[in-house]
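Student: Sequence:
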Amino acid sequence: MWTNHANPYHPYGFLGRKYRDEVVEVYPTPPNTRSPDPEPMEVVFSARSVAADSHIQRVEKTQRRTGTLSLFMLLLDGVISEVKSTLADEIVFPGPTNETKPQSPFVPVVPNECKKLGFCVATDHYPTDHVKRLLKSRRNYSFNVDELETPEVTVVQRLGGPDEEMCESTERVIPFTMAESKEKKWHYILNNVSGPPLQGFRAQICDRDRSRCSQVAEFPLGYEAICVQKYMLRLMYALDEKGEVIQSFFRVPSCCSCTMRNIGHGLVKNKLAACVNIVPQVTSIYEWKNEINEDSEALLMIKTRTSQVDKLTEFVRSNHPYEVCEVISLPIKNGNPPYLKWIGESVPEA
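So our numbering is basically just the index in the sequence shown, starting at one, shifted up by 64.
Hints in this document: simulated from the structure, not taken from any laboratory. Everything numeric in this text was worked out from a predicted model, so none of it was measured. Careful, some of the hints might be misleading.
Claimed, not checked - In the DSBU-like style, the derived pairs of lysine-lysine whose C-alpha atoms are separated by at most 30 Å in a straight line are:
hint: 1; residue 1: 353; residue 2: 405
hint: 2; residue 1: 306; residue 2: 333
hint: 3; residue 1: 248; residue 2: 353
Stated by the list, open to error - Label-pair ranges, simulated between beta-carbon atoms:
hint: 4; residue 1: 381; residue 2: 299; range: 16 to 22 Å
hint: 5; residue 1: 313; residue 2: 375; range: 30 to 36 Å
hint: 6; residue 1: 274; residue 2: 375; range: 16 to 22 Å
hint: 7; residue 1: 169; residue 2: 352; range: 50 to 56 Å
hint: 8; residue 1: 247; residue 2: 409; range: 38 to 44 Å
hint: 9; residue 1: 310; residue 2: 287; range: 21 to 27 Å
hint: 10; residue 1: 200; residue 2: 295; range: 30 to 36 Å
hint: 11; residue 1: 212; residue 2: 287; range: 31 to 37 Å
hint: 12; residue 1: 196; residue 2: 176; range: 36 to 42 Å
hint: 13; residue 1: 200; residue 2: 383; range: 48 to 54 Å
hint: 14; residue 1: 382; residue 2: 352; range: 33 to 39 Å
hint: 15; residue 1: 299; residue 2: 406; range: 52 to 58 Å
Yeah, the Cβ is synthetic: ideal placement off N, Cα and C, and Gly gets one too.
Work out the full structure: start from the sequences and follow the hints.
Tutor: Following this line, the structure appears as structure tokens:
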């Protein structure tokens with residue numbers, strides 16, 4: 065029997081392989097004939113919330129003469145804040161931060177806040193005087209400033225009735241001053257930082273990128289649905305590293321899309337697991353924010369090598385909307401040798 069209890073308050077969210085060294089020898093080996101330590105293998109049990117409110121993963125641990133099988137319990141807490149942005153100005157767009165001035169005044173140093181979305185709306189080192197001189201000397205630029213048809217409001221993808229939201233996002237016309245090109249290079253964008261923008265582009269940004277889609281949507285068993293930020297390319301005037309005006313295509317956040325991902329298929333396709341079994345209708349009861357919750361889940365049994373557990377865990381974390389991943393190691397006593405051999409042959413060593 066499994067008793068699943070989330071611990072979202074653990075300071076690291078990752079309890080570690082607590083019993084990793086407590087391995088039980090299943091097949092005794094005669095003295096002086098013990099073979100070298102075998103390649104460890106793991107079976108992961110992953111519970112995916114059908115109600116999209118909790119996520120549990122487990123892995124089992126055992127050892128035999130020709131290989132080891134490990135048991136871990138990974139727990140992704142499924143309680144996500146219900147606070148939703150309803151006003152456009154609740155999105156904090158990246159602006160100036162502590163930067164080190166680059167050697168060339170026309171090669172931007174990109175703050176981490178800007179890297180997340182691929183643009184900035186302000187920067188401490190923007191070459192304002194140089195841009196003004198360029199604009200005065202050349203007046204044949206054809207700048208683009210998009211317009212919104214409606215006032216700035218929270219934009220949602222809808223399914224069914226008018227109040228059933230799939231993904232929440234904010235739509236604005238953004239006066240870019242720094243952006244990432246399709247060649248993955250950052251440039252200063254020609255703009256007026258102290259007045260009406262010269263270049264402004266409509267952007268729709270997820271309020272919470274990679275959060276789960278609304279529970280009103282039902283998806284096939286084994287799939288996860290998350291809100292993903294999408295981008296498109298727009299042509300802008302910018303500065304090259306010599307301070308000359310160029311035109312190039314830059315990434316602009318275009319929409320917030322509800323996307324389905326099958327974790328099981330992804331694990332097998334990427335050689336992170338030999339097999340994933342989906343067991344539906346597992347019920348979890350846990351306490352969260354002083355309330356007792358009960359959720360219906362789908363359990364994923366994932367078979368892999370021990371050396372692949374870290375990569376497997378990261379894959380699940382990156383493709384699952386929940387935030388807290390907890391791992392507990394437990395020993396088991398036996399396994400079918402041919403099956404364990406098949407796992408080792410199906411999953412390459414990390």
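Student: Can you list which hints this structure breaks, lowest number first?
Tutor: 1, 2, 3, 4, 9, 12, 14
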